[in-house]
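Participant: Sequence:
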Amino acid sequence: MDHLTIVMKTCGWLLVAGSVLLAFAPAQFVLKGKSPLGDNGVTHYFLAFSASLNLVWGMLLLVAAQDPAWAMQSALPCAIGFATLSAWRIPLCRNPDVVATLGKAPMAEVWIFALLAVYFLYSCLQI
Numbered sequence: 001m002d003h004l005t006i007v008m009k010t011c012g013w014l015l016v017a018g019s020v021l022l023a024f025a026p027a028q029f030v031l032k033g034k035s036p037l038g039d040n041g042v043t044h045y046f047l048a049f050s051a052s053l054n055l056v057w058g059m060l061l062l063v064a065a066q067d068p069a070w071a072m073q074s075a076l077p078c079a080i081g082f083a084t085l086s087a088w089r090i091p092l093c094r095n096p097d098v099v100a101t102l103g104k105a106p107m108a109e110v111w112i113f114a115l116l117a118v119y120f121l122y123s124c125l126q127i
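Following this note's numbering, the numbering of the sequence shown begins with 1 at its first residue and continues without gaps.
These aren't lab readings, by the way, just hints derived from the structure by calculation. Every residue, glycine too, gets a C-beta built ideally from N, C-alpha and C. Do not rely on the hints blindly, as some may be mistaken.
To be verified - Ranges between beta-carbon positions, derived for each pair: (1) P36 with A108: 18 to 28 angstroms; (2) P68 with G103: 38 to 48 angstroms; (3) D97 with A69: 36 to 46 angstroms; (4) L21 with D67: 21 to 31 angstroms; (5) Y122 with K34: 38 to 48 angstroms; (6) V20 with K104: 17 to 27 angstroms; (7) A69 with A100: 42 to 52 angstroms.
Working from the sequences, and respecting the hints, build out all of it.
Facilitator: Here is the structure:
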């Protein structure tokens, strides 16, 4: 099993697991009209949207990891996805509300997502 396959499977499972965690609050909101995040429907709407995208991206990574040709084809979109995840967090991790709620986790994500973006970009350039 090559490195790209291992990274794709790991990222795939983390995205699938993350989608399940993200879906808890919207599911509770749908069932009860509120969740620990409050009763703001817009917040739950965007969490449900994010959970769905994470689920699909994770499942695509798991499937792509089974075929080396598809893994190589998927590397560039993954590089772009992780780069944008990193880039959005750069200004947001300094926002006082974000820091008060999430602490330093978004700053760590800047680096984690940037490293994943570089790794996937490097992988797709290996022809």
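Participant: None of the hints should be skipped; say for each whether it holds.
Facilitator: Hints, verified against the model:
| no. | hint | verdict |
| --- | --- | --- |
| 1 | P36 with A108: 18 to 28 angstroms | 23 angstroms, holds |
| 2 | P68 with G103: 38 to 48 angstroms | 39 angstroms, holds |
| 3 | D97 with A69: 36 to 46 angstroms | 44 angstroms, holds |
| 4 | L21 with D67: 21 to 31 angstroms | 28 angstroms, holds |
| 5 | Y122 with K34: 38 to 48 angstroms | 45 angstroms, holds |
| 6 | V20 with K104: 17 to 27 angstroms | 24 angstroms, holds |
| 7 | A69 with A100: 42 to 52 angstroms | 46 angstroms, holds |
The earlier numbered hints are all upheld by this structure, with none contradicted.
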